[in-house]
Every structure is written in C-alpha cells, then in structure tokens.
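Protein chains in written order, with the numbering used here: chain C, 1 to 395; chain R, 396 to 867.
Among these hints, one or two may not hold up.
Claimed, not checked - Here are a few chain R residues that sit away from chain C, every Cβ distance over 10 angstroms (derived from the structure): (1) Thr-508; (2) Ala-509; (3) Glu-572; (4) Ala-814; (5) Val-848.
Unchecked claim - Only some residues are given here: those of chain C computed to face chain R with a beta carbon under 8 angstroms: (6) Val-19; (7) Leu-85; (8) Asn-89; (9) Ala-239.
Keep in mind the hints are simulated off the structure, nothing from the lab.
Owing to the predicted nature of the structure, the values given are computational and were not obtained by experimental measurement.
A virtual CB, placed ideally from N, CA and C, is assigned to each residue, including glycine.
Chain by chain, the residues run as shown.
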Amino acid sequence: MTAVLPYPRSRPVARLLAVAVLLLLPLAALWNLALPAWSIRAGALSGVTNPAPPVAWSWHSVADKRLQDSLARGFADLLPFRPLLIRLNNEARYDLFGYVSTPHVVEGTGGHLIEPRYIEEYCARGPETAERKAAEVIPKLRDIQEHLRRQGRVFFYLITPSKAAHMPDRFVDRLACASTVRDREAYLPTLTARLREAGIQYLDAASLTHALRGRYEIEVFPPRGIHWNNLAVAHTAQALIAKINELSGREMAPVLAWTHRIRDFSEGMDMDMDHVLNLLVSRTGDPSPVVSYTNGGECQGRPALALNAAMVGSSFIGQPGGALIYDSCFKRLTRYHYLWQYREGGDPAQTRTNLTPEELLPLRDAELLIVEENESFVTESNYIGRLRDLLLAGG
Amino acid sequence: MLFYEPLFLFLFFPLVYALYLGLGRRVRARKIALLAASVALYLWGEPLFVPVLVLSSLLDYGLSRAMGPERPAETRRWLLILGVTANLLLLVFYKYAGFLTENLNLALGPFTTARLPLLEIVLPIGVSFVVFEKITYLVDTYRGVSRPAPTFLEYALFVFFFPKLLAGPILKYHEMERQIAVPDEVTGRDFGSGFLRFAQGMAKKVLLADPLAAFADAAFAAAPGGLAPGQAWLGLACFTLQIYFDFSGYSDMAIGLARMLGFQLRENFNMPYIARSLTEFWQRWHMSLTRWIREYLYVPLGGNRHGALRTYLNLWICFLASGLWHGASWNFVAWGAYNGLVLSLDRLFIARWLARAPPVLAIAATLFIVMIGWMIFRSPSLAHMAGYAGALAGASPAGATLPVPADVPALLLAGGTLALAPATPLYPPVARAYEGSRALRMIGAGVLAVLFVLACARALAAPFVPFIYFRF
Numbered sequence: 001m002t003a004v005l006p007y008p009r010s011r012p013v014a015r016l017l018a019v020a021v022l023l024l025l026p027l028a029a030l031w032n033l034a035l036p037a038w039s040i041r042a043g044a045l046s047g048v049t050n051p052a053p054p055v056a057w058s059w060h061s062v063a064d065k066r067l068q069d070s071l072a073r074g075f076a077d078l079l080p081f082r083p084l085l086i087r088l089n090n091e092a093r094y095d096l097f098g099y100v101s102t103p104h105v106v107e108g109t110g111g112h113l114i115e116p117r118y119i120e121e122y123c124a125r126g127p128e129t130a131e132r133k134a135a136e137v138i139p140k141l142r143d144i145q146e147h148l149r150r151q152g153r154v155f156f157y158l159i160t161p162s163k164a165a166h167m168p169d170r171f172v173d174r175l176a177c178a179s180t181v182r183d184r185e186a187y188l189p190t191l192t193a194r195l196r197e198a199g200i201q202y203l204d205a206a207s208l209t210h211a212l213r214g215r216y217e218i219e220v221f222p223p224r225g226i227h228w229n230n231l232a233v234a235h236t237a238q239a240l241i242a243k244i245n246e247l248s249g250r251e252m253a254p255v256l257a258w259t260h261r262i263r264d265f266s267e268g269m270d271m272d273m274d275h276v277l278n279l280l281v282s283r284t285g286d287p288s289p290v291v292s293y294t295n296g297g298e299c300q301g302r303p304a305l306a307l308n309a310a311m312v313g314s315s316f317i318g319q320p321g322g323a324l325i326y327d328s329c330f331k332r333l334t335r336y337h338y339l340w341q342y343r344e345g346g347d348p349a350q351t352r353t354n355l356t357p358e359e360l361l362p363l364r365d366a367e368l369l370i371v372e373e374n375e376s377f378v379t380e381s382n383y384i385g386r387l388r389d390l391l392l393a394g395g
Numbered sequence: 396m397l398f399y400e401p402l403f404l405f406l407f408f409p410l411v412y413a414l415y416l417g418l419g420r421r422v423r424a425r426k427i428a429l430l431a432a433s434v435a436l437y438l439w440g441e442p443l444f445v446p447v448l449v450l451s452s453l454l455d456y457g458l459s460r461a462m463g464p465e466r467p468a469e470t471r472r473w474l475l476i477l478g479v480t481a482n483l484l485l486l487v488f489y490k491y492a493g494f495l496t497e498n499l500n501l502a503l504g505p506f507t508t509a510r511l512p513l514l515e516i517v518l519p520i521g522v523s524f525v526v527f528e529k530i531t532y533l534v535d536t537y538r539g540v541s542r543p544a545p546t547f548l549e550y551a552l553f554v555f556f557f558p559k560l561l562a563g564p565i566l567k568y569h570e571m572e573r574q575i576a577v578p579d580e581v582t583g584r585d586f587g588s589g590f591l592r593f594a595q596g597m598a599k600k601v602l603l604a605d606p607l608a609a610f611a612d613a614a615f616a617a618a619p620g621g622l623a624p625g626q627a628w629l630g631l632a633c634f635t636l637q638i639y640f641d642f643s644g645y646s647d648m649a650i651g652l653a654r655m656l657g658f659q660l661r662e663n664f665n666m667p668y669i670a671r672s673l674t675e676f677w678q679r680w681h682m683s684l685t686r687w688i689r690e691y692l693y694v695p696l697g698g699n700r701h702g703a704l705r706t707y708l709n710l711w712i713c714f715l716a717s718g719l720w721h722g723a724s725w726n727f728v729a730w731g732a733y734n735g736l737v738l739s740l741d742r743l744f745i746a747r748w749l750a751r752a753p754p755v756l757a758i759a760a761t762l763f764i765v766m767i768g769w770m771i772f773r774s775p776s777l778a779h780m781a782g783y784a785g786a787l788a789g790a791s792p793a794g795a796t797l798p799v800p801a802d803v804p805a806l807l808l809a810g811g812t813l814a815l816a817p818a819t820p821l822y823p824p825v826a827r828a829y830e831g832s833r834a835l836r837m838i839g840a841g842v843l844a845v846l847f848v849l850a851c852a853r854a855l856a857a858p859f860v861p862f863i864y865f866r867f
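This is chain C alone, in the form it adopts within the complex (with noise of 0.2 angstroms):
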C-alpha cells in the first residue's frame, strides 16, 4: 500500500502551477538547443571567444570528468537570460568598482579602454628593438615589392597607429613599464629609415596620426574603441591617394578634402572595445568627428574606378580602405583582414568569411597592393610571409 501521510491534502493545484514554473527554465534551454534559429534569448553577448571543445562521449571523458564539464557548459550557454545576467553581473562591477570584466581590456585615465599587449609592446621597446623588426620584415616586404615592380605593380608598406603610442600618459602605468621615453619614441624613426635605407615604399600613418594629438577638440582615438576615430582616417585616406598618386606617377583620383564636425555620442567602431565589455548600458556619450567628404565623388573618368587594388593588414586596414572605396574612387579595392578571416569590397561588393587558398588567388592580378601593419605589430603578423609565397609562386 503506498503510504500517505496522515493530514490534510496539500493543494494540488498550487503544486501542480509550481511544477510547471519550475519545468520553464529546462524547457527553455532544451528549446534553444532543439530551435537554434528560434532561440529565445535576453540579449547577445559581444566579443569572440575560443570555441569550446567538442563533447567526447566516452568512458574516460565520464572518469575524469571531461563529458561533464562539456555539458555543463553548453548547458550554460543555452540559457536564455544568461547574456541578460553576464552584463548584469559586469555591470555591476564596473560600476561599484570599476572592474573591466574582461581580461583583454585594461581602462586607462578618462575612461580610455585598450588591449593590454599595445601597452606590453609600447612598455617593451628596447634600443635594439626597431632595428631587430626592421631586419625581419624587410626582406619580406622587398620580396613584394620586388615581384610587383618586376610586373609594373605598385606596392607600398602601410604602418598604422598604436593608441598605446599615441596617449602613452593614459596607460603607462597600469602595467610595469620597462621601457625608457627615448627608446619608445625613437622606435618609429628608426624603423622608418631602416625602410628607407632598404628602399621599401612605405607610408608612416603611425607618425602621422601621433602629430595630429592636441590639432583637434578631441582625441583622434576614441575612448571606447582601439582603433583611430574617422577624423585620423581621413588624414591618412587623404595620404593613401596621395601615395597612390605619387608611385603611380598619375593622378588615379582626386586627394580627399573633407569637413568634420563633433557630435556628442560615439556608436560603431568606436566602440568596440566598449562592447568587448558586455555591460548592461553601452557608454556612448563620449563625442565623436562627423566626417565629410568634399571631393570624394569626382570620380567621371578616373583612372582609379578601373583599379584592381588590394589591401593587405589587420583589422587597422577596415576604415581607410572604406573611404578609398565609398569616398574616393576605388571602388575595385578589396580589403583582405590578416589574409584569411575575411575580405571585404572588391567588384562586384562582397565579404567572405575564412578564406580558402583559392579565395585568395586574385590577390596576384593587384595592380595596387597595400600591405598593412600596425607599429604595435610590425613582425607579428604571419600574414606578410604568406603573402609572399602566394605572389612569388604565381611567378
């Protein structure tokens, strides 16, 4: 006989209401896990991360624990309030104490949010240092250049801007800075006339972009964002089709001219480091430049609108390509973002993800190739020496 207990019947329909609120939250992860398309979901989460390793069904993953752990946290990942509660908690943070939740984001003095490795590689510069990457990129690049010139090509070495490098006096000293002034500022001089003495085209945006601190009523790196805002973009879009213009020996398109003005709220990219935060209320009230192009659409007859141009770099390469390509005349420019993960532009438009061999190919028939890196950077990226073996195997 089941035993009963002997007192008065609790109430059924209470307790049956309890278990179906209590059967909600599995019902909506099991949800998102069947519909991913229709998943229900209190927000997204900003930010890339390492994708999780892939569940091991087996005995040994059981034994030591692995299958669990994997489960857990796909588990975690399917519930839906969790962006909603992840922004919640870093918010709460940030604000009681001014704890930046994510450890690729340091906040320097005036809310300035960088990547540490800018400031380790700014706090790292030796006297030796500009020479050693000097000596290693170099031959890398002269290979390029070499090949291209052989084919009647132009190519030229872009150097973007550290925001490390530009505001130093808001980051120094969040990390240990090992570094003396004179050797952190003697570091694109040096590398520069390394250049020059090897006889690699190359345009100094870096130098450029660090003269343009106090010319403007704000910074010319916003921020929130790693990258330079669009008033530093058009000095050095403007220097890009000047440097077109030069080594080509025509005019392929008119140098930009352009008005700015300031607005009081910043979205896009510079933002991004801001999302990379993932708080609950996005702090888009830091001003940002207004840019616009005075002379970018005399395009009727350009030698520029034919151009198969290419640009080759980190993610520093998205904006000044941007303006060659929707405010200036090269509308053929395709942008190639650390040569694999995606390119952008190109005619017909397009963007693809995760390039294949294949997929990069049209890079050899360039009649214009850039090839970017920023100074933080300069020998880091894998992308240069692959970028010479696919143009020196097409012969």
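Given chain C, put chain R in place with the hints provided.
Same frame as chain C, but now just chain R:
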C-alpha cells in the same frame, strides 16, 4: 555539480524539485526520487567513487542490522570494529595513501633505495563528510542511541542526501530518522524559508568569498620573503573572511535546499568570529565536526575524566585528528597541533583572562589567535608557513607590491561587518525589530532575492572557483 553552478540551479534542482512536488503525498515514491537524484548528482561529480560508496553503505547497513541487542556484546563490538575500520580504510585509501607513501619513502630514504610506488588517487568530493556520517551511524547503532535503518533505501537516502552530501553538515541518522521515514510534504513556508536561506548562502559564497579569494590566493602564492607586512595581513584578513563565508555559505545552501524539500538540518555555524575564546570559537565553528570529534573521539579517549594532563593530551589528539581530517599535509597537522595547544592554554589560563577582559578585547584576541591558525591552515607547506609568519611580523624585506583589487576594501568592510556585527550592542534590538516586523522581513527577503540574482549573474560570468572544503 556544485550548488551555484548553472546546471544545478537551472536544470538539476528545478527538475528534481518539480518531480518531488509532483509526487505529492506518495512517500515511498518521493524517497526513491530523492535518492535517485542524490545518487545522480554524486555520479555526475564522482562516477568512479559512487559504486564504492554504495557497496560500503551496503556493508554498513548489513552490519547495523547484525548489531541487534540479541547478539553477544563481543560480537557486536567486533562488528562495530569491522564497520568503522572499513570506513576508515576507505578514507585512508582515498585521502591519505599518497601522503603516507610519500612520508614513508622519506623515512626509508637513509636505509634503502627501494621506494613504495606513489598512487595517483583522486580524492572524491565530500568523502570525509560521508565517511564520518557513516561512522556515526554505526557507532550510534552500537550504542543503542540509534535504531538500525529499517530499509536500505532509508539508510542510502541518509548517506546520499544531496543537500549535505558534498560538504556537510555532518548529520546523525537518528536525528534524520523521522524525516527520512516519513518526509514532510513541502509547504509554501518551506519553499520560502529554504529559498531565502539558499540565497543567503549563494550571496556569501559567490559575492563575498570568491572575490576575496582572489587577493588571498595572490598573497599566499607570492614568495613570503618579499611580502610587506601590510600585504601579508591583508591577504590573511581576506582568507579569514573567505573561509568563513565560503564554508558557512555552503552550509546555508545545504540547509536551504533541504528546507525547500521539507527537511530540517542542524546549523553548522553560529557567528564564530564573535567568540571570546578559542574554546567558544570551536563551539561556534563547523559545529557538526566539533560535535563529532567530541562524541566519537574525545569522549571515548576519556575526555576530561582522567585529570588535567590526560585532558590536554586528548585535546591535542582530537585536534591533530581534526587537522588531518582537513587535509593530507603537514601544515594541516600543524594547524591541528596549534589549536590543540591553544585550547589547552585556554583551559589553563587564557579563557579566564579573556573572560575578565572587555568584550572587544576578548573578541579581538580570539580573532587574532584564529587568524594565526588560518595562516597555518592556508600555507601550502611548513616552509611557506614560516616565511609567511615572518612576513606578518615584518621580518621580510618588502618586494614588489601585489595589486589590490578594487573591490577588496569594500568586501572586507561588508564581510567584517556581517561577521562581527552580532557582537555589537546594536545587534539584539535590531534582530528583535527584524523578527517582529513583517515589513522589515519583506525588505530583507527582497534584498536576498536581488543578491541571489547578482550571485547567479556572477556565477554565470565568473571563472569557476571550487569550495575550499570539498576536498576533505
């Protein structure tokens, strides 16, 4: 699967609770469901140990049934010895085999080149708690304090009951017997009180203990020879609060979960940092373990019945055992010896002095003694312990300064206030007002609910930090 992990909070417990509620007044079905859930939880965390524990529990159950009063006393005694030995061997194998082997090899070193092989045995979570509970069952059955469990189902439910499975409180079967035999049906009050208690525990563990652990870990990981005294004391203060909120927070969660299921568990902490002597501290800290040591070790050794010297010896033995129970390492033994020494001195004169001192002084002095003990407890080795003690005394030349996380001052203030406020004259009237005012209790419940949400948020966002006591 720990109580604050998303898998437990949002899948395991809701499903188990829904099933438990849905079974209504079917007593046996609810017991089976609870046992199945408890075994499943333990299987999730310790798949290799659970079968061993089941077999060991079968042995306990069989022995307890065989220890009936109709058996000769000698037989009953041998059955008890067999059961206790089997349980202790379980503990020694999983917890101390490596430590014993290592030290035996060290001792044999000068005499032979032969070495005993070091076995890589993973310590199952909660093994120390579970084994101690099983020993209490056998001893209490032998003593006639407890009746043997009528069915293996009920004994297994006592052993595996998941709210207290991983880190206590250490329970006695006869205290749980009636609840296990006929589990009360869950009421709204059970849910409400249990949830609030659980929320309190989660807040203590996730919002206080874990963030404090960050600096405590950094301080104890640094070379003590280069630690400035301020930083050494700060690290020790962080650990003092971390261990309290970590462990008492876990106990709150265990008690809260049990209450949500309609079970009442005994309290495990009673505001230990307001103690005015070390003797009183041990009456307030991890009370279930203190009680176990007293009833199953101290009293059988003779307690205080054989003169002062024997009493002090018994205290030392008990605290050495307590130290070893916490971990297989010489620093835990040292910690046990330290407590044994201070408790003996307490009985000799310290407690009398402190009783005559102003309460603030007595509490501060006791806290100081306890903190020195925590320094021994937390140090990874005896050599480190000596170095850290030197750092506390200012004997180390200061090296690089450890960065202090921005939240540490606020957490120390909050934690210190929570831990010490009960000692203030303001506390009793505030507590009375709170108990007597529904509005205040509603506000309190609201605050706990918010803290619960914040703790869930942090648990989802933060990297995993295990409970300190689980590996005991």
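> Where does the structure disagree with the numbered hints, that is, which hint numbers, in rising order?
Replying inline: Checked against the structure, the hints that fail are numbers 5 and 9, while the rest are satisfied.
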